[in-house]
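*Asks:* Residue-level listing of the chains:
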Amino acid sequence: MRGIAIGASAGGLEAVGRVLEALPADFPAVVIVVQHIAPHANDTLARRFQRHCQLPVREAEDKEPLLPGIVFIAPADFHLMVEPELRFSLSREERVNYSRPSIDVLMETAAEAFCSDLTGVILTGASVDGAAGLVAIKRLGGRTIVQSPETAEVDIMPRAAIAACAVDAVLELAEIGPFLARLGFEDPC
Amino acid sequence: MTDDAAILENQRLEIRLLLEAIYQKSGYDFRGYASAHIKRRLEHVRARNSIPSFCEMIRRLIYDAGFFDEILQALSINVTEMFRDPEFYRAVRDSVVPHLKTYPFIKVWHAGCAAGQEVYSMGILLNEEGMRERAQIYATDINPQVLESARRGIYPLESVRQYTANYQKAGGHASFADYYTAGYDSVAIAADLKKNVLFSPHNLVTDGIFGEMNVIFCRNVLIYFGDDLQDKVIKLFLDSLCNGGFLCLGTKESLRFSAHADAFDVVDAREKIYRKRVVRVPSVQGEP
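These protein sequence lines are chains A and B, in that order.
The numbering used here numbers the first residue of the first sequence as 1 and each following residue consecutively.
The numbering used here numbers the first residue of the second sequence as 1001 and each following residue consecutively.
If you are wondering where the hints come from, they were derived from the structure by calculation, not from laboratory data.
From the three backbone atoms N, C-alpha and C, an ideal C-beta is built for every residue, glycine too.
Honestly, I wouldn't trust all of these hints.
[Stated by the list, open to error] Here are the in silico distance ranges between beta carbons for each label pair: (1) A:185 with B:1169: 42 to 50 Å; (2) A:28 with B:1198: 49 to 57 Å; (3) A:42 with B:1181: 32 to 40 Å; (4) A:28 with B:1103: 46 to 54 Å; (5) A:187 with B:1149: 52 to 60 Å; (6) A:166 with B:1198: 55 to 63 Å.
Just chain B, with the same shape it has in the complex (with noise of 0.2 Å):
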């Protein structure tokens, strides 16, 4: 082995021990998370406050109360826009909301739903489709601080640009103004969108199942989990589906390499949207 190969190994051991000691700090289990991932921005911390290893920088969590927040910020990821890859959203009002007409209620959940965009995004969406008022809407984050923002629905105007151009390439029926007032520098989702929207803080590496949901979003959370992590999480998702209900990845997420692919059918292979397979309850007279 090579110095600097140790040195590698040696890092990965304080790694291992920086997420222990968070997790037993603050309840927050990043343990299962992409490892190199979670070292490019451990090492983003580190650097940004000239701590000169990961170990100081476990005294510095132990005995610094603020320091956890700025890791959990520097975690969680929450890059998104309204109708981010429109396809995705023709897709859904063409395969997935057909299937949810059928029901007299449905349940949402947006598992990781950062600043909230997907939510109002899917908002518009069941609005212009006729089922909002038969909808109910959970989106949840593992950040308390955009699920807040979340909450408030307030973006940056400059976004606003794109939002439209992605809302119309997503088959949008109405003017995308119509979802918002525009402020001096910002906009503010209408106050209507918000209505039958659930928020709350829900970890999905520690948390439970969220029951009886008729379709799971859950896009571009994923890819941070280790195969591991993964895996526990879709079982979380398949256990918490009614059947027949639909999960929805991110386009570059798949189920292909995970232990509960065949739970699922592929409804669309490209836009990464899945439906659990009924489970059919042997019935009680028809079997010898």
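In isolation and in its complexed conformation, chain A is listed as follows (with noise of 0.2 Å):
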């Protein structure tokens, strides 16, 4: 199973639905989302996010199993991680990043957990979130992509991954679905 974990701060509603509305109904990769949110925020997010999107969008339940062609989005208030035996777990450790949930601790794990079968993708943000994720991705061998700073609403994070990682692709904002939509037909390594 190709996985694909997308990460977003400020201006992330918007982006995050444009990007979810490009995948098609029968995408075979499992989509996890880290949107940063206020701690006591309900799970507005999934519905929001399902709206935009043909594939079934829901919230992560701790020890849920990932399965491909759902998009799971982290819980309010939590870390969310991915376990080596693709399930997730949540924590309420510290923030990372002044976050959480944290895309860093996401694409870390998910990192360890699917190696190069993962793609990282960072949205617009003001933050530096994402950067550390992104090049753990990388030195697993996954794919990278950034949104191209112009396209973003805020540019910090997308600067800030671009900064840390040799990334693969920046692309405008409206590439990126389309782009991921491919890929994740392509057979897992």
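With the hints as a guide, bring both chains together as one complex.
*Replies:* Right under this line is the structure:
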């Protein structure tokens, strides 16, 4: 199974929606999204993204097995991790980059679970979260994509990711969804 | 296998050996914990102490008597608030308390009570429902240090605003200020709320059942366990509950992926409140 980990912060509600709407109903990879959100927010994110997406979108639950063709969203105020046996686990440990959920925490753990079958995507945001995550994905043979800073509502997070990691592709927001839609159908390594 | 994938495999082996060493040295068993979580926490301790590898941590653990305590503190996560998830407490008031009121006396277990915020939240709720005098509350944790702070019941003053907001959203009947006395930079929980509460160390992984509970609260503890260990602990809860007893988990936890899911009815799917199914003992006469 291929995995796609998407990280977004400020401006992400719009940007993540744009990416998800390009994924077809028979998409064979698992998609995992960390969108920074206030700690007391409830599960509105999944419902919001579902409006844009043909795939089922839901909040990840602890120890839930990862399944292809589903978009999992990190719950507010929990870190979301991928265990080596491809199940989710949650944690309330301290914030990373001032964030819980943190994109780095998802990407670093997912990189170790998927190795070269993971693609990491960093979208708009006013944070450096995700830069270390992309480095981990790259080191373990996965693919790294960053939204072009020019098309990002807030360019700090894409710029931090590009500075930290020799990324494989810098794409305009409108190109990212179609790119992932093609990539999802490639055979896993 | 790439070099990096090989390094990853070796590192996993090092961590397994470190967890084995912790178990043999201290008796604390983290071997069944969720491995991504464990690795992050151990990596934290390793980096903070500038120890070159997990293998070197084994040596440190064996010869430095204070080092285990640092590991224990890193592995126990104690973030919580009073009346955290107010909707959960509302659901307990509406769906659990009416059943508890039918008993002359009830036993409540807070498993993994951390610094005690939830114990006192539930104490307040039982007070307001007129149940406190007939409740015995057990509060346990693996970590002696946090258990001591739970026993003291002293919290930073700046957390009170959030606690008060949570209390009101949870359907509290009184003024939250009645339940604490404020000092210079902290608040102390009213001594009255500590009556009928027994704090004691208990390790869910290695200790046994805690008998005949009417309610068990274990919120945001199971997330740190791997799936096999989760199953084992859920079985422990099952055996510690009376027939029709309630099990309350964290809102992002679930029995859905557990081998023991069938032993429980779902009382509130959203707030993760479950009830142990009544096991009918076959009657001696009735059956042919």
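*Asks:* None of the hints should be skipped; say for each whether it holds.
*Replies:* Here is what the structure says about each hint:
Look at residue 185 of chain A against residue 1169 of chain B: about 46 Å separates their beta carbons, and that is inside 42 to 50 Å. Checking the proposed 49 to 57 Å range against residue 28 of chain A and residue 1198 of chain B shows it holds: the Cβ atoms sit about 53 Å from each other. Checked against the given bound of 32 to 40 Å, the beta carbons of residue 42 of chain A and residue 1181 of chain B, roughly 33 Å apart, stay inside it. Against the hinted window of 46 to 54 Å, the Cβ-Cβ separation of residue 28 of chain A and residue 1103 of chain B comes to about 53 Å, which satisfies the hint.
Checking the proposed 52 to 60 Å range against residue 187 of chain A and residue 1149 of chain B shows it holds: the Cβ atoms sit about 53 Å from each other. Judged by the Cβ atoms, the range 55 to 63 Å given for residue 166 of chain A and residue 1198 of chain B holds: they are separated by roughly 58 Å.
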